[in-house]
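Participant: Here is what each chain is made of, one letter per residue.
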Amino acid sequence: MTEIRDFFQRFFQTDFSRTKRIKKCFEKVNREGRIALMPFVMAGDPDLKTTSEILLALQESGADLIELGIPYSDPLADGPIIQLAASRALSVGTSPKKVLSMLSDLRGKLSIPIILFTYTNPLLSIGMEEFCKQASRAGAAGLVVPDLPLEEADKLSKIALSRNLDLILLVAPTTPQQRMKTIAEKTNGFTYLVSVTGVTGERRKLDQKLATLIKQLKEVSTKPVAVGFGISEPKHIHEVRDMGADGAIVGSALVKRISNAEKGKCALEAASFCRELYDT
Amino acid sequence: MTSTFSSKPNNDNLARKVRPNQSGRFGRFGGQYVPETLIPALEELEKAAQDAWQDSSFKNELSHLLKTYVGRATPLYEAERLTKHYLREGEGPRIWLKREDLNHTGAHKINNALGQALLAIRMGKKRIIAETGAGQHGVATATVCARFGLECVIYMGKEDMRRQALNVFRMKLLGASVHPVTSGTATLKDATSEAIRDWVTNVESTHYILGSVAGPHPYPMLVRDFHSIIGEETRRQCNNAFGRTPDLLMACVGGGSNAMGLFHEFIGDKSVKMIGIEAAGEGIQTNKHAATMTQGRTGVLHGAMSLLLQDQDGQVQEAHSISAGLDYPGVGPEHSYLKEIGRVEYVAVSDKEALKALQLVSQLEGIIPALETAHAFAWLEKICPKLKKGQEIVINCSGRGDKDVNTVAEQLKSEI
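The listed protein sequences correspond, in order, to chains D and Z. Residues 0 to 279 (numbering that gives the first Met the number 0) are what the first sequence spells out, left to right. Residues 0 to 415 (numbering that gives the first Met the number 0) are what the second sequence spells out, left to right.
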């Protein structure tokens, strides 16, 4: 029975609402002359029930896409704020399966694209096929795997696409131009531009090289470019928009705001932070 | 304790060109699972190493310093009283020790630290970072940085800093700054993650001297190659001592650098058996162990695919061993490969067995081995009864035990 249901779900998802959701989202935002606002939240911090409230609150407050972090014990690309959020999430028993099940329960309510942010090991532990199947069933639109470089990405990208999931690849300030071109060709949905040579975390100023990087990426590809790592204030969003970026990912600043919120007020705080960012 | 092999060792899967292959893999293990920011630096490092090994001035400088500064070649020592101890009715193997404990700073670690420091200088990088567990690799790195006037930052788990206060002071005395790591379990695993994060941030000015045959390609190969002098000397010394290759090589395995250093030279000699000994901690049936090779399943940690201690959700588990140097939930990818093709056998011994071996070797040979090294000695109990007279065993005596005397004293008191 589940197989039949799964087939029909996939059939309908494939042929109607589910294909290229990220691409369509960026097209809409572009038509409206805006930059896409892409908040990041750590699933399970402080608990999954709160996370689901936060996701809905962000959607209502103007988020265009949401990056949803699956907590991992050894997050190499993350600075202290997101590391601690992952530790808190793990300490209350958050697992990839529980995150996907929470997401699944939001189907019908959450209409903006959800991008799962996961490290390689939890993904491999479930298995690429199985992870993509479950992620797709839960309604996710894409995947970001920060420790899976281009060389290792082909296989996952194919599997993900077969489930209508975009595997989004990252470009860093240290990436040479030819390689940048290859990454931009192979990424799906958009190119994730890491704004600084470093890990995630709040920063006061944007990297000086950023404008050049966005320009270079735009020259080699027509795919949308979203900038992340260090974007923490409304003025940063202003700046990256003026540099030509299509999306701005705000992680640590929001995660910190949520972690500082009073008990029961996480979703409210997230929503007001999101609105502040958008008052630009 | 036998492992299940998925294939058999043969000329193809033992060839050097597949260890690693062109994409940095040993079979399915290895690779480069790191943030994009580091990929160009890893390419640069691979190329710098390739160039260096073809440059006679680099090789000459390295071997000159290995001789005059590190104190190589280290002796191959015949452990007569240990040999006698394990004789059963006149039967039993002869036991030799490759004395890496006699190197400057007291362990094999400096072979690699020195080589990588020279590479960093070639690449024009003046800031060095490293991770350390017990502090041996940290001390070796701080030492070579002092020798070359390089800035040195060592990442060390806060818990390990407490356990290894003496080594922390040694590093500071050598001019290094030691950064306490409080994230996760505050041990070697987290120190390594923090060192990688530093590298991601400062990659343009900094070289990361990784201390084991772990991490993303080219590190497993690079670190192995700097340690392979251990096996090369051993071959020559065995030839001089008894006119042939040894029958069995034994070494402890945490990340696996001293073992790879000894094994590498002999991988193609099928008559040479090899055993890697890892830490069973309080027992592999408890969850307090570091027996990655016997209990782990395939995963990705610190940039490489290898066997890994992890829970059902792919979260990395805390390892446990009395020896801080073996207290690591991962293992170098080449070891996972050598296990899979059946070339090397891997076994585990407990904290208690290691402690017992440490005392035995101290009292019979006047050599206090490091707790890590003591794990290799402990396997003699199991293997010697199976071996005959005339068989030659070489144990890599990878480090000396001065750093461990506090831990040992604590343990022995609690047992009295």
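A hint or two may mislead.
To be verified - Dumping the calculated DSS-like pairs for lysine-lysine here, alpha-carbon to alpha-carbon at most 30 Å:
1. D/K180 / Z/K388
2. D/K255 / Z/K157
3. Z/K272 / D/K96
4. D/K185 / Z/K46
5. D/K154 / Z/K388
6. D/K97 / Z/K287
7. Z/K16 / D/K154
8. D/K180 / D/K22
9. Z/K388 / Z/K351
10. D/K48 / D/K97
11. Z/K66 / D/K204
12. D/K154 / Z/K46
13. D/K208 / Z/K46
14. Z/K125 / D/K208
15. D/K180 / D/K48
Unchecked claim - To be clear about the criterion: a stretch of chain Z counts as covered by chain D if any three or more of its residues have a C-beta under 8 Å from a C-beta of chain D, and this derived list gives those stretches:
16. 30-36
17. 217-230
Treat the hints as calculated values from the structure; they're not laboratory data. Here the structure is a predicted model, which is why all the values come from computation and not from measurement. All residues carry an ideal CB built from backbone N, CA and C; glycine is no exception.
Participant: Against this structure, judge whether each hint is valid.
Facilitator: Here is what the structure says about each hint:
1. For the hint linking D/K180 to Z/K388, the alpha-carbon distance of about 64 Å lies beyond 30 Å, and the restraint is violated.
2. Annotation: proposed proximity of D/K255 to Z/K157 holds, straight-line Cα distance about 24 Å (limit 30 Å).
3. Straight-line distance between C-alpha atoms of Z/K272 and D/K96 comes to about 44 Å, which puts the hinted pair past the 30 Å bound.
4. Proposed proximity of D/K185 and Z/K46 is supported: the alpha carbons are some 26 Å apart, at most 30 Å.
5. Taking the CA atoms of D/K154 and Z/K388, the gap is about 53 Å. The hint is violated against a cut of 30 Å.
6. For the hint pairing D/K97 with Z/K287, the CA-to-CA distance comes to about 27 Å; that is within 30 Å, so the pair holds.
7. At most 30 Å may separate the alpha-carbon atoms for a hinted pair to count; Z/K16 and D/K154 meet this at roughly 24 Å.
8. The straight-line distance between the Cα atoms of D/K180 and D/K22 is roughly 19 Å, inside the 30 Å bound, and the hint therefore holds.
9. At most 30 Å may separate the alpha-carbon atoms for a hinted pair to count; Z/K388 and Z/K351 meet this at roughly 28 Å.
10. Using a Cα cut-off of 30 Å, the hinted pair D/K48 and D/K97 holds, with the two alpha carbons roughly 11 Å apart.
11. Distance hint between Z/K66 and D/K204 is unfulfilled; the C-alpha atoms sit about 50 Å from each other, more than 30 Å.
12. Annotation: proposed proximity of D/K154 to Z/K46 holds, straight-line Cα distance about 27 Å (limit 30 Å).
13. About 26 Å separates the Cα atoms of D/K208 and Z/K46, which keeps this hinted pair within 30 Å; it holds.
14. As the CA atoms of Z/K125 and D/K208 are separated by approximately 23 Å, the hinted pair is consistent with the 30 Å bound.
15. A distance of roughly 41 Å separates the Cα atoms of D/K180 and D/K48; the hinted pair therefore is violated under the 30 Å criterion.
16. Figure legend: the region 30-36 of chain Z, annotated as covered by chain D; annotation consistent (7 residues with Cβ-Cβ distances under 8 Å, at least 3 required).
17. Counting residues of the region 217-230 of chain Z whose C-beta sits closer than 8 Å to any C-beta of chain D gives 0, which falls short of three, so the coverage hint is violated.
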